[in-house]
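Colleague: Sequence:
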Amino acid sequence: MKRLRTWFVTLPVIAVVSLLAIANRQVVTFSFDPFSSSSPFLAIEAPFFIFILISVFLGIVIGGGSAWFAGGQLRAKTRRLKRETRTLKKALESSHSQTGTPARSEARRLAAPN
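The sequence shown begins at 45 in the working numbering and counts up one residue at a time.
If you are wondering where the hints come from, they were derived from the structure by calculation, not from laboratory data. Built from N, CA and C at the ideal position, the CB exists for glycine as well. Careful: at least some of the hints might be erroneous.
[Claimed, not checked] If you anchor each label on the Cβ, the simulated ranges turn out as follows:
hint, residue 1, residue 2, range
1, 131, 47, 39 to 49 Å
2, 121, 96, 30 to 40 Å
3, 84, 110, 24 to 34 Å
4, 142, 103, 39 to 49 Å
5, 88, 127, 48 to 58 Å
6, 123, 49, 24 to 34 Å
7, 84, 55, 19 to 29 Å
8, 46, 90, 30 to 40 Å
9, 118, 49, 20 to 30 Å
10, 130, 91, 54 to 64 Å
11, 127, 100, 31 to 41 Å
Go ahead and model the full structure; you've got the sequences and the hints to work with.
Modeller: Rendered as structure tokens:
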């Protein structure tokens with residue numbers, strides 16, 4: 045089912061990108077000099093769809109990077125809670141070994157009722 049959903053998203057995106065590339069094949073000049081259009085300091089000539097694809101790629105990279113950066117606090121909190129859980133489990137096992145009460149096995153706690 046997941047593979048089918050992937051194809052329903054991927055195929056239209058590939059079709060749109062292909063049509064965009066076919067429709068925008070003319071060569072354009074991308075200039076980094078806004079003041080001199082006749083003799084720019086740095087200019088790149090390429091088909092227009094190349095610039096569009098580069099822009100989309102940069103948008104994906106920047107968006108993914110910002111999403112990853114924004115999730116940093118959540119990842120740090122998750123690591124802290126995992127460390128705390130390990131510490132508490134060790135303390136619980138130590139407590140059970142000192143009192144002589146056996147800890148319940150994981151299999152019994154997770155077993156489904158009949």
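Colleague: Now, for every hint given, state plainly whether the structure supports it.
Modeller: Each hint, compared with the structure:
no. : hint                  : result
1   : 131 - 47: 39 to 49 Å  : holds (41 Å)
2   : 121 - 96: 30 to 40 Å  : holds (39 Å)
3   : 84 - 110: 24 to 34 Å  : holds (31 Å)
4   : 142 - 103: 39 to 49 Å : violated (58 Å)
5   : 88 - 127: 48 to 58 Å  : holds (50 Å)
6   : 123 - 49: 24 to 34 Å  : holds (32 Å)
7   : 84 - 55: 19 to 29 Å   : violated (39 Å)
8   : 46 - 90: 30 to 40 Å   : holds (37 Å)
9   : 118 - 49: 20 to 30 Å  : holds (26 Å)
10  : 130 - 91: 54 to 64 Å  : holds (56 Å)
11  : 127 - 100: 31 to 41 Å : holds (40 Å)
Going down the numbered hints, you'll see the structure goes against 4 and 7, while the others check out.
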